[in-house]
Amino acid sequence: MLTKRIIPCLDIKNGRTVKGINFVSLVDAGDPVEQAAIYSDAGADELVFLDITATLENRKTLVELVRKVASKINIPFTVGGGISQKEHVSELLNAGADKVSVNSAAVRDPQLIDRLAASFGSQCIVVAIDSRYIEGHDIVHTHGGSRPTELETMAWAQEVERRGAGEILLTSMDHDGTKKGFACDLTRKMSTTLTIPVIASGGGGSAAHFEEVFNGGKADAALAASIFHFHEVDIMDLKKELQAANIPMRI
Amino acid sequence: MKVAVVKYNAGNVQSVIYALQRLGVNPLHTEDQQEIRTADKVIFPGQGEASSAMDYLRSKGLDQVLTSLTQPFLGICIGLQLMCRHSEEGDTDCLGIFDLEVKRFKVHQHGFKVPHMGWNRLETDNSQLFQAVENPFMYYVHSYYAEVGIETTGITDYILPFSGALQKDNYYAVQAHPEKSSDAGQTILTNFLNI
Numbered sequence: 001m002l003t004k005r006i007i008p009c010l011d012i013k014n015g016r017t018v019k020g021i022n023f024v025s026l027v028d029a030g031d032p033v034e035q036a037a038i039y040s041d042a043g044a045d046e047l048v049f050l051d052i053t054a055t056l057e058n059r060k061t062l063v064e065l066v067r068k069v070a071s072k073i074n075i076p077f078t079v080g081g082g083i084s085q086k087e088h089v090s091e092l093l094n095a096g097a098d099k100v101s102v103n104s105a106a107v108r109d110p111q112l113i114d115r116l117a118a119s120f121g122s123q124c125i126v127v128a129i130d131s132r133y134i135e136g137h138d139i140v141h142t143h144g145g146s147r148p149t150e151l152e153t154m155a156w157a158q159e160v161e162r163r164g165a166g167e168i169l170l171t172s173m174d175h176d177g178t179k180k181g182f183a184c185d186l187t188r189k190m191s192t193t194l195t196i197p198v199i200a201s202g203g204g205g206s207a208a209h210f211e212e213v214f215n216g217g218k219a220d221a222a223l224a225a226s227i228f229h230f231h232e233v234d235i236m237d238l239k240k241e242l243q244a245a246n247i248p249m250r251i
Numbered sequence: 001m002k003v004a005v006v007k008y009n010a011g012n013v014q015s016v017i018y019a020l021q022r023l024g025v026n027p028l029h030t031e032d033q034q035e036i037r038t039a040d041k042v043i044f045p046g047q048g049e050a051s052s053a054m055d056y057l058r059s060k061g062l063d064q065v066l067t068s069l070t071q072p073f074l075g076i077c078i079g080l081q082l083m084c085r086h087s088e089e090g091d092t093d094c095l096g097i098f099d100l101e102v103k104r105f106k107v108h109q110h111g112f113k114v115p116h117m118g119w120n121r122l123e124t125d126n127s128q129l130f131q132a133v134e135n136p137f138m139y140y141v142h143s144y145y146a147e148v149g150i151e152t153t154g155i156t157d158y159i160l161p162f163s164g165a166l167q168k169d170n171y172y173a174v175q176a177h178p179e180k181s182s183d184a185g186q187t188i189l190t191n192f193l194n195i
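In order, the protein sequence lines correspond to chains E and Y.
If you count by our numbering, then the first sequence holds residues 1 to 251, one letter each, in order.
If you count by our numbering, then the second sequence holds residues 1 to 195, one letter each, in order.
Some hints could be false.
[Stated by the list, open to error] Covered stretches of chain Y, as calculated for chain E (at least 3 residues, CB under 8 Å): (1) 39-50; (2) 133-143.
[Said to hold, decoys possible] With a straight-line cut-off of 30 Å between C-alpha atoms, the simulated BS3-like cross-links for lysine-lysine are: (3) Y:7 to E:60; (4) Y:2 to Y:106; (5) E:189 to Y:106; (6) E:86 to E:180; (7) E:72 to Y:7; (8) Y:2 to Y:103; (9) E:68 to Y:7; (10) Y:103 to E:72; (11) Y:60 to Y:106.
Hints listed in this document are in silico derivations from the structure and should not be mistaken for laboratory results.
Ideal placement from N, C-alpha and C gives every residue a C-beta, glycine not left out.
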């Protein structure tokens with residue numbers, strides 16, 4: 001049986017992790033490669049690296065980082081942040097990334113998804129959607145969630161699937177950072193409507209929240225950052241708890 | 001040991017090369033017939049689309065080379081699919097090492113997504129390739145699968161049971177990505193290098 005995936009997310013700036021990560025065993029708290037190795041050993045099923053600066057000069061640093069991570073880590077990982085061209089994707093995949101995630105650039109130019117899927121295959125194209133609930137509607141936001149668009153989240157999700165996205169990373173901005181649980185209703189609606197996998201993100205604070213988003217929210221994977229970084233939730237303990245609740249896990 | 005990783009237009013193989021390097025092997029990434037023929041081990045990895053991959057292999061004469069090797073040979077992911085007789089993807093005649101049909105997953109039942117993406121169990125016959133694999137979860141990303149047949153040495157279940165691993169003589173193949181499958185994958189690659 002296909003297991004549900006637990007995915008820690010690392011924010012990257014100039015090739016270093018941004019938020020401090022609270023592990024006693026860490027030698028260099030800003031070294032993404034070392035952190036990736038710790039998560040991989042701890043039972044993470046996949047990793048996401050999000051480049052929050054994503055400028056032209058940082059691109060080379062990011063490619064170099066991908067190379068280092070891929071040479072050390074033997075679980076799949078996704079890289080995102082500021083990706084807007086086929087050439088970026090090609091560089092990152094050739095450096096050893098398994099998937100790339102696109103967000104604002106896909107909203108600006110939806111055909112980018114078609115082009116990327118045709119060139120590299122749907123399986124490595126993740127579309128990240130940042131959604132906020134505004135006056136009765138789930139609305140897509142871009143630029144790190146700072147800019148609302150005209151797009152409704154579900155309609156956009158269906159469009160990106162049609163254009164060839166292989167997976168969706170759905171972040172609820174309303175839930176993000178609250179640690180009060182994932183946006184289960186929206187996740188369920190998306191996951192049961194689409195035929196591609198949906199990664200739920202935003203709001204995970206406890207094992208109960210992950211159980212909710214897998215059982216109720218029908219998510220294929222769940223992503224979190226700070227609760228793993230600050231060791232508030234241990235990945236293996238979380239996975240054991242979820243397995244005890246009959247959610248299929250790789251343990 | 002000389003290990004050749006077959007070069008053809010089937011996506012990123014950097015991860016396979018890194019995985020071999022972690023095991024102390026520096027593979028040759030090559031489409032050269034002579035290099036492939038004289039390698040101690042041959043790895044046939046890749047992601048991509050079946051018909052364009054086969055066209056490329058034929059244009060380089062590699063279809064003849066790959067089917068007439070005697071050293072241990074390991075197909076990974078689309079490598080496994082191309083080693084079968086025929087694929088529904090692009091209605092493609094493949095290498096025919098395994099007398100099996102490759103089909104697309106059909107979503108019969110609510111709740112199954114395509115591609116089959118993530119970690120799933122590979123239940124094997126415990127033959128040499130799978131010895132000492134303690135936790136048989138492997139990482140999969142694919143929309144097509146090979147049917148189960150007499151050459152099946154490992155079964156994975158998603159929507160239906162399919163060939164997670166195949167073997168015929170010196171030809172081995174796995175549908176999952178051992179290079180991305182943590183310790184289990186590393187053990188399989190180590191076992192292959194030790195055959």
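Now for the hints, and whether the structure bears them out:
Judged by the Cβ-Cβ criterion of 8 Å, the segment 39-50 of chain Y is covered by chain E as claimed, because 3 of its residues qualify and three suffice. Under the rule that three or more residues need a Cβ within less than 8 Å of chain E, the assignment of the segment 133-143 of chain Y holds, with 7 such residues. Only pairs whose Cα atoms come within 30 Å are accepted, and residue 7 (chain Y) paired with residue 60 (chain E) is accepted, the gap being roughly 25 Å. Restraint check for residue 2 (chain Y) and residue 106 (chain Y): not satisfied, since their Cα atoms lie roughly 40 Å apart, outside the 30 Å limit.
Only pairs whose Cα atoms come within 30 Å are accepted, and residue 189 (chain E) paired with residue 106 (chain Y) is accepted, the gap being roughly 21 Å. At roughly 37 Å between alpha-carbon atoms, residue 86 (chain E) and residue 180 (chain E) are farther apart than 30 Å, so this suggested pair is violated. At most 30 Å may separate the alpha-carbon atoms for a hinted pair to count; residue 72 (chain E) and residue 7 (chain Y) meet this at roughly 22 Å. Our distance criterion of 30 Å between C-alpha atoms is broken by residue 2 (chain Y) and residue 103 (chain Y), whose separation comes to about 34 Å.
Restraint check: the Cα-Cα separation between residue 68 (chain E) and residue 7 (chain Y) comes to about 22 Å, which is no more than 30 Å; the hinted pair holds. Between residue 103 (chain Y) and residue 72 (chain E) the CA atoms are separated by roughly 34 Å; this puts the pair beyond 30 Å, and the hint is violated. Annotation: proposed proximity of residue 60 (chain Y) to residue 106 (chain Y) is violated, straight-line Cα distance about 33 Å (limit 30 Å).
Checked against the numbered hints listed earlier, the structure breaks hints 4, 6, 8, 10 and 11; every other hint is satisfied.
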